[in-house]
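Using the sequences and the hints, build the whole thing.
Below are the chains, spelled out letter by letter.
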Amino acid sequence: MTNASEFGTNSSSKTKDKSSDTTIKINDTPFDKMMAVLTHKRCVNCHPSGDRPRQGEDSHIHNFDVQRGEDNHGVAALRCESCHGHENNDFSGVPGAPEWSLAPIAMAWEGLSRVKIAKSMLNRANNGNRSLDEIVKHLTEHELVLWAWEPGVDAEGNPREKPPVGKEEYIKAVKEWAAGGAVIPEE
Amino acid sequence: MKITFTINGKPATVDVDGHTPLLWVVRDMLNLKGTKFGCGKAACGACTLHVDGEAVRSCSYPVKYAEGKRVTTIEGLSEGDQLHPVQQAWEEEVVPQCGYCQPGFMMATAAMLEKIPNPTDDDIDKNIVNICRCATYYRMRKAIHKAAKIKAANG
Ligand code: FES
Ligand code: FES
Numbered sequence: 061m062t063n064a065s066e067f068g069t070n071s072s073s074k075t076k077d078k079s080s081d082t083t084i085k086i087n088d089t090p091f092d093k094m095m096a097v098l099t100h101k102r103c104v105n106c107h108p109s110g111d112r113p114r115q116g117e118d119s120h121i122h123n124f125d126v127q128r129g130e131d132n133h134g135v136a137a138l139r140c141e142s143c144h145g146h147e148n149n150d151f152s153g154v155p156g157a158p159e160w161s162l163a164p165i166a167m168a169w170e171g172l173s174r175v176k177i178a179k180s181m182l183n184r185a186n187n188g189n190r191s192l193d194e195i196v197k198h199l200t201e202h203e204l205v206l207w208a209w210e211p212g213v214d215a216e217g218n219p220r221e222k223p224p225v226g227k228e229e230y231i232k233a234v235k236e237w238a239a240g241g242a243v244i245p246e247e
Numbered sequence: 039m040k041i042t043f044t045i046n047g048k049p050a051t052v053d054v055d056g057h058t059p060l061l062w063v064v065r066d067m068l069n070l071k072g073t074k075f076g077c078g079k080a081a082c083g084a085c086t087l088h089v090d091g092e093a094v095r096s097c098s099y100p101v102k103y104a105e106g107k108r109v110t111t112i113e114g115l116s117e118g119d120q121l122h123p124v125q126q127a128w129e130e131e132v133v134p135q136c137g138y139c140q141p142g143f144m145m146a147t148a149a150m151l152e153k154i155p156n157p158t159d160d161d162i163d164k165n166i167v168n169i170c171r172c173a174t175y176y177r178m179r180k181a182i183h184k185a186a187k188i189k190a191a192n193g
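Taken in sequence, the protein lines are chains L and G. For the first sequence, my numbering gives the first residue as 61, with consecutive numbering after it. For the second sequence, my numbering gives the first residue as 39, with consecutive numbering after it.
Honestly, the hints are just simulated from the structure, not real lab data. Incorrect hints may have been included.
Each computed DSS-like pair below joins lysine-lysine, with the alpha-carbon atoms no more than 25 Å apart [claimed, not checked]: (1) L:Lys179 x L:Lys232; (2) L:Lys222 x G:Lys79; (3) L:Lys101 x G:Lys71.
Remember, it's a predicted structure, so these values are computed and weren't measured experimentally.
What follows is the structure, encoded as structure tokens:
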């Protein structure tokens, strides 16, 4: 369960989680904006609930039966980095960013509500023992996270879809949400 | 840009756009034709070689990332006249049909055996996902098991 309270948050706040609707509206809260990004396929494809990544706009199981492997970087002769470099490869259509890999299984987000994702993210038992500050840093500075706004093109040259909130707006939202006590609405 | 690395143990420097796929450099500049082009989008494995011992699909590997690294192709897999266990097993099991895909499979297998010396069929299924249009998979599986045995016997 969440230990969000250790950050002085109040997950039993009166705010009810509204929906899983990711359409961004003008009066959306920082939490809404942040979660619209974190539930987007550019994030969730590599936060699968099983041991196989997903890919593409339809989040299909990664071709070639690609596997998580023990270190979340693939298996012995089929590492993530066997194909994915530190930057997008617009010639072959293979996306890339530093540390391209799956999120640990403890951080599986696929199929979870945004409330559950947020709780899991704040739970030190799941999140790599990160403090709220460290979570914010990860969410707003890590190159692999920010890749979502530079997703490159696929093998046919079609641009990949970006999250529904712009990068700067998202970063601002994450910081505002954290500064406001990292409140997670009730489900 | 100038990029320096070793290729099969020998130093090499190429002056080329850093985004050029390593595969083009290996085949067209270093004239090592053993590594094959299949799909050009990291989907078939024909272009698999080793960079610092790891299996890499060179069609999607910008050459600039090879700077200072060890690149090994099928031509450098043997130690002099001593064939690599994978090559020995491949020969004994007469694996290839047309042969086009085989260097990629052999390089992927050699990389796997360094980390999984005694692979199960499941390990093979999960690690060796290259494509062979001639469908030599059955013979390859036998050869992979044999290569593991040869390697273990060689110590
Ligand atoms: S040519 Fe590189 S994977 Fe097919
Ligand atoms: S032997 Fe012909 S493609 Fe594999």
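Here is how each hint holds up against the structure:
1. L:Lys179 x L:Lys232: Holds - the C-alpha atoms of Lys232 (chain L) and Lys179 (chain L) are around 20 Å apart, at most 25 Å.
2. L:Lys222 x G:Lys79: It holds: about 22 Å lies between the C-alpha atoms, which stays within 25 Å.
3. L:Lys101 x G:Lys71: violated (39 Å)
Checked against the numbered hints given earlier, the structure breaks only hint 3 and satisfies all the rest.
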